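Undergrad: Chain residues, written in single-letter form:
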Amino acid sequence: MPKKGTKSKKKEVDDVPNQQENKLPDYLELQRTRVVCNDDAPIYVHTFICHSSLMAFHLLIMITFITLALHMFPCEIVCLVCLIYCLAYKLNFTYMHRYFYIKRLIDYITEYNSRLPTLGTFAAMGVDNSVSVEKFCKNFKIEINRLTEDDMEFDMIGIDASIANAFRRILIAEVPTMAIEKVFMVDNTSVIADEVLSHRLGLIPPLDADPRLFDYISVKSSELEWLPEGSQLSMSAPAHSGDKQKTFTSFSQSQKEILEKPLGVKFKDITIARLGPGQAIEFEAHAVKGVGKVHAKWSPVATAWYRMLPEVVILEEIKGAQAEELVKKCPVNVFDIEDLGNGGKRAVVAKPRACTLCRECIRPEESEESTEGASEAQESSAPWKQIELRRVRDHFIFTIESTGSLRPEVLFTEAVKILEEKCERVISELS
Amino acid sequence: MEHGSLDDSSSSTFSIMEEDHTLANSVRFVLNQDPRVAFCGYSIPHPAENKVNIRVQTTGDPAKDVLKDALQDLMVMCHHIRGTLDTAVADFRGNKPAEAMDIDLNKK
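Just so you know, the sequences run in chain order D and E. Using my numbering, read the first sequence as starting at 1 and increasing by one per residue. Using my numbering, read the second sequence as starting at 1001 and increasing by one per residue.
No wet-lab data here; the hints were simulated from the structure. Fair warning: this is a prediction, and the values are worked out from it, not measured in the lab. Heads up, some of the hints might be wrong.
Stated by the list, open to error - BS3-like mimics (lysine-lysine), calculated; alpha carbons at most 25 Å apart, straight line:
hint, chain 1, residue 1, chain 2, residue 2
1, D, 293, E, 1051
2, D, 135, E, 1051
3, E, 1068, D, 417
4, E, 1064, E, 1051
As the list claims (entries may be wrong) - Here's a subset of chain D near chain E, in silico, CB distances under 10 Å, partners left out:
hint, residue
5, 142
6, 156
7, 174
8, 422
9, 429
Even for Gly, the Cβ is constructed at its ideal location relative to N, Cα and C.
Using the sequences plus the hints, can you model the full thing?
TA: In structure tokens form, the structure reads like this:
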């Protein structure tokens, strides 16, 4: 999958390629770093292949051919082939013009090929779009906005969407926690069926236990014991007096010695079942370590999500009554009124971060469209055309809501560790 | 598992079990930044099977090494992210009494 849409040369090749300039023209810089939001559903479809002229198409063919052929054939032969191509398609060049044009093209492309390794998508412009590890480490920033026991909101700047998404997926599905898995019912005379009750018990937010101190349940082969006297499953139930009652689990030592504080449930006000008079429930439940992938009860976060930082830009000034309307339209009060000197009012962007990208401010008003007497001047200065909504591509606002077993920053650290472990696993498989 | 040709080690498909978009998309991103890579992409052959195919085509170097380097790079990036988060949390905790008035901007 190419990272962004493929680009053909935007500049005419006749211009001398300007290699001192290292900046993209503004509109390309915008495409590179921002996602522009229109008033329809958020569809990002931008193609860069210019369809306008046949000449561009032929140019593209020639450039592809030249790039490939230069590896094998010397420069002059490539030139000649291109010449023949032009003649065959009766392209509108004079003879000498064609030759020099093509030679220039070839020089340009050899230059491009030699510089390609460091540049990336915008190599033709001389702008570096690659993200090496050193650059990432230099530019990456985290800013924490809110950090409480249960949830946290922080900004990650300079990271790509694929990695941010990987963390979100790991937080939801692959950070292990403890949750009730097996329930041994002793007595249940309530109206709730056994299995429904067990299901509810499993869904109680994962216990206040640090899952890092526990291991997954596994039966080790050392526990298999040879039975020389045949089966030991007893037919009759109660144990003889004096013998230890057999239980389904065997702990070598009490867990009290390992954990500092007693295990408990974090939220004490969850109703498991309602009882009527004379009803009783008695059970023993075993909590087990697991991951959210297997069952959602083991997910350590209520949820975790991210959004890109919104950017609201007012292209032309919005004044007076239109400004007031705009401020009223926005449901989260992104805009604000600034008083100019002589009683005039102007709309400014006060809180771009609060924008939910609902696109109310850029939606054309229907009353305007239906009136036929609307003058053109009024149409062009319509406030919805003067605002541009964008999202910054590499600035993510992450929110993590934990259910309580681990603190949110610890959860995120665990998620990063899990991604590292996955990489290590694949590396060791490859070697 | 690597599927490639015997004489050309510069392009091959790696089929990895028990993985999904989480790892594959991140690795694909890091691979794309490597100048030795001519083409890279991933696909999931069937959503019911826990398998992912990562295709790597390089400009000469063996694809296995390039993939290994990309995974190492990803690990370095993760390390760095962890370190940055720890410092940020420590800073935030240190400044918290002063910042108690600075409620987050999204709340009204």
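Undergrad: Determine for every hint whether it applies to the structure shown.
TA: Each hint tested on the structure:
1. D/293 x E/1051: holds (15 Å)
2. D/135 x E/1051: violated (32 Å)
3. E/1068 x D/417: Holds, because 18 Å separates the two Cα atoms, which is no more than 25 Å.
4. E/1064 x E/1051: holds (18 Å)
5. 142: At about 4 Å, which falls below the 10 Å cut-off, the nearest Cβ of chain E leaves the hint on residue 142 of chain D intact, so it holds.
6. 156: holds (8 Å)
7. 174: holds (8 Å)
8. 422: This hint holds: residue 422 of chain D lies near chain E, its Cβ roughly 5 Å from the closest one there, short of 10 Å.
9. 429: holds (7 Å)
Taken one by one, the earlier hints fail for this structure only at number 2.
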